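Participant: Sequence:
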Amino acid sequence: MHVRTTKDGKKRRFRYPDNSVSTAKYNIFTFLPRALFEQFRRLANIYFLVVTVLMLIGTYSDLYQSPLTPFTTLFPLIVVLAVTMGKEAFEDFKRHTADQNTNNRAARVLRLVSTPVTNNGEGELEEVFWKNIGVGRIVKVLDKEEIPADMILLTSSEPSGNCCIETSNIDGETNLKIKEAARTGENGCGRAFVTAADLQGWEAAVECEAPNSRIHTFTGTLQLAPKDRNQEQQQRRVGVNQANLLLRGSRLRNTKWALGLVVYTGYDTKIVMNSRAAPSKLSTIEVTTNRLLYLILGMQILLVSVTLGAYLVWTDANESQLHYLCMDYLGGPSAFLRMNCQATAKEASELGMWVTFLLLYNNFGAFLRGREGGRVWLAHLCPWDRDFYPTFSIRSHPSFHTPSLHPSLLSIYTPFPSTWPSER
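Sequential numbering from 1 applies to the sequence shown in our numbering.
Calculated from the structure, these hints are not laboratory results.
Once the Cα atoms are required to be at most 16 Å apart in a straight line, the calculated EDC-like pairs of lysine to aspartate or glutamate come out as: (1) Lys256 <-> Glu166; (2) Lys131 <-> Asp268; (3) Lys256 <-> Glu158; (4) Lys256 <-> Glu145; (5) Lys25 <-> Asp92; (6) Lys140 <-> Glu158; (7) Lys256 <-> Glu146; (8) Lys140 <-> Asp198; (9) Lys140 <-> Glu126; (10) Lys25 <-> Asp99; (11) Lys177 <-> Glu166.
Source: prediction; values computed, not measured.
Please work from the sequences and hints to get the whole structure.
Facilitator: Right, dumping it as structure tokens:
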């Protein structure tokens, strides 16, 4: 039975999360809105969206005239968004695949019901997926295997019951750390269990702190039931701390096997609580491009304003000669012009002409349209560059986990050969 103490001191039954973990950024329902939001974090996409809306208004209203059809900007924008969102979907699909592979790893747990002991004295074990490991289960981990959940070490193949683990996936440290088995012996020292067979039919309860992200602290108590249920003996309480806790993500080293009691699973594990959602990353070039776009917009606004001023000065000086543009058409020499201009005689305002010139100069940012396609193509070519990797082969070649960041490789001048995986 799982019980959690509430803030008011009352104990209530609680259902712990399963041991499955997802690091993906999107799902089938959130992909479209979140992906669109991420795309419009780029100033270039906002610029072309605004230009497209202004073209649509100018084309289908009388507020001002659009010199270009909106589809000349709308179609390239849709293509750019489709390519970028397709790349995001492919990257997130790889995250879903990696999560599925992790959650479906095989783990050995002690059966919940008592069964006959096998010939090797190891007790009855069964294989389950990582995602099906629950709080209170006893898990057996072999040498060089990854710990599937946060668990209290009960015993191991070592005479002392201790084990060695590597925590490079958690804190980056490659040196081995020694973890101690819980002191479950009769006198409060040593271990009461040597093999998995000794744990068959074992009854105990764990009282520990609520799940938190502090990887270097842990406090709890093991309440052990007496071996003989017929004897009236009090439960023994054994204290456990960080020295007894095996964290998910760490790896068993130099120890044949270890048995542990699971206390935190899934999103309650310390490594997951220290992780964050998949961020939206921008390369250095994209950040620089966003800043340069402000300069481009400033130059464009300045040019549009100068053009509008020149237009107003020129039309004011030559208005009497612009009958074909329905300017001063009443004094025009042709009755045909006077008749046809009456139906459409609506002069554009200065603001409307300013927007018209703005749309005419929208090609200032046209170079940004091909940037996304070039980045996707470069991400495809880089892993197959034979000069990029010292020992190139089809089976072991570099890959980009975040292709949107690969333009940052341009800022690398000297790679250090000692960091290549083939030379470790």
